[in-house]
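Protein chains in written order, with the numbering used here: chain A, 1 to 115; chain B, 116 to 227.
These are calculated hints, taken from the structure and not from any lab test.
Fair warning: there could be bad hints in the mix.
No farther apart than 27 Å at their CA atoms in a straight line, the calculated lysine-lysine pairs in the BS3-like style are these [to be verified]:
#, chain 1, residue 1, chain 2, residue 2
1, A, K57, B, K164
2, A, K71, A, K57
3, B, K173, B, K184
4, B, K183, B, K164
5, A, K9, A, K57
6, A, K71, B, K164
Sample of chain B residues lacking proximity to chain A, with all beta carbon distances greater than 12 Å (derived) [claimed, not checked]:
#, residue
7, Q121
8, L171
9, K173
10, E186
11, T187
12, M198
13, P227
Label-pair restraints from in silico Cβ distances [unchecked claim]:
#, chain 1, residue 1, chain 2, residue 2, range
14, B, S185, A, E73, 42 to 48 Å
15, A, M19, B, T170, 43 to 49 Å
16, B, T170, A, G16, 49 to 55 Å
17, B, T166, A, T15, 24 to 30 Å
All C-beta atoms, glycine included, are put in the ideal place defined by N, C-alpha and C.
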Amino acid sequence: NAGVTQTPKFQVLKTGQSMTLQCAQDMNHNSMYWYRQDPGMGLRLIYYSASEGTTDKGEVPNGYNVSRLNKREFSLRLESAAPSQTSVYFCASSERGGGGNTEAFFGQGTRLTVV
Amino acid sequence: AQSVTQLGSHVSVSEGALVLLRCNYSSSVPPYLFWYVQYPNQGLQLLLKYTSAATLVKGINGFEAEFKKSETSFHLTKPSAHMSDAAEYFCATYTGRRALTFGSGTRLQVQP
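Please work from the sequences and hints to get the whole structure.
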């Protein structure tokens, strides 16, 4: 049972390079999320998708774009990476449109370093 | 602004001692609260969740949390710490954005 799968697990980028973080879930969940985790700051929401075909900005969307390719996949793109985007990125999904007592399931994370 | 606040970024206990990790929520949040655990180099997994059915919630690995409306708290406890409990713990709730909002986390260290 794969759950939420993120690729790659590790990545080093040079400033200005672009890349896409991939996320796929096999639980038929409607909602998907991208978070970044930085020391002492918990997890901060970058973007989320309440359902297929919709995306919304979270707390820290600047410098990122997302695509909800289909119900399973939700990708995060860095168009021009900056050192401030060095972080651990987590993708998550939940069953319904989020909210209430809906549990979110997390991937294993992508550790990104921008030099 | 976050809707949940975790007091104490680091907590250290001895093996066998009581674990108490603190979480306070803002009174405006819906009464759905979660505790997640993150083991080193892993993703987050759910420990327990409060859904207003009962104020004392039991989770996995012997953890439990009590919802106290009068104190706007949802503290996580475990009677006897084990070395395997060393991890980072996050309190969370849903906000109007319909996505989980997390506290800043508490790293639990268990001393032998």
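- request: Evaluate the given range 42 to 48 Å for the C-beta pair formed by S185 of chain B and E73 of chain A.
  value: holds (45 Å)
message: For T187 of chain B, is the shortest CB-to-CB distance to chain A above 12 Å, so the non-interface label stands?
response: Holds: least Cβ distance 18 Å, greater than 12 Å.
- prompt: Within a Cα-Cα threshold of 27 Å, do K9 of chain A and K57 of chain A meet the stated pairing?
  reply: holds (24 Å)
field: Given pair status - K57 of chain A, K71 of chain A, alpha carbons within 27 Å
entry: holds (18 Å)
message: The output says M198 of chain B does not contact chain A. Does that hold with a beta carbon cutoff of 12 Å?
response: holds (23 Å)
message: So K173 of chain B supposedly isn't at the interface. Is its beta-carbon more than 12 Å from every beta-carbon in chain A?
response: holds (15 Å)
message: Just to be careful, I want the Cα atoms of K57 of chain A and K164 of chain B compared with a cutoff of 27 Å; is the pair within it?
response: It holds: about 26 Å lies between the C-alpha atoms, which stays within 27 Å.
- prompt: Just checking, E186 of chain B versus chain A, shortest CB gap more than 12 Å?
  reply: holds (21 Å)
message: Can you confirm whether the C-alpha distance between K183 of chain B and K164 of chain B stays at or below 27 Å?
response: Holds - the C-alpha atoms of K164 of chain B and K183 of chain B are around 14 Å apart, at most 27 Å.
message: Please verify that the nearest CB of chain A lies beyond 12 Å from Q121 of chain B's CB.
response: At roughly 8 Å from the nearest Cβ of chain A, Q121 of chain B sits no farther out than 12 Å, so the non-interface label is violated.
task: Take the C-beta atom of T170 of chain B and the C-beta atom of G16 of chain A, compute their distance, and say whether it sits inside 49 to 55 Å.
output: holds (52 Å)
task: Starting from K173 of chain B, check that the Cα of K184 of chain B is at most 27 Å away, please.
output: holds (18 Å)
Of the numbered hints stated above, those contradicted by the structure are hints 7, 17, listed in ascending order.
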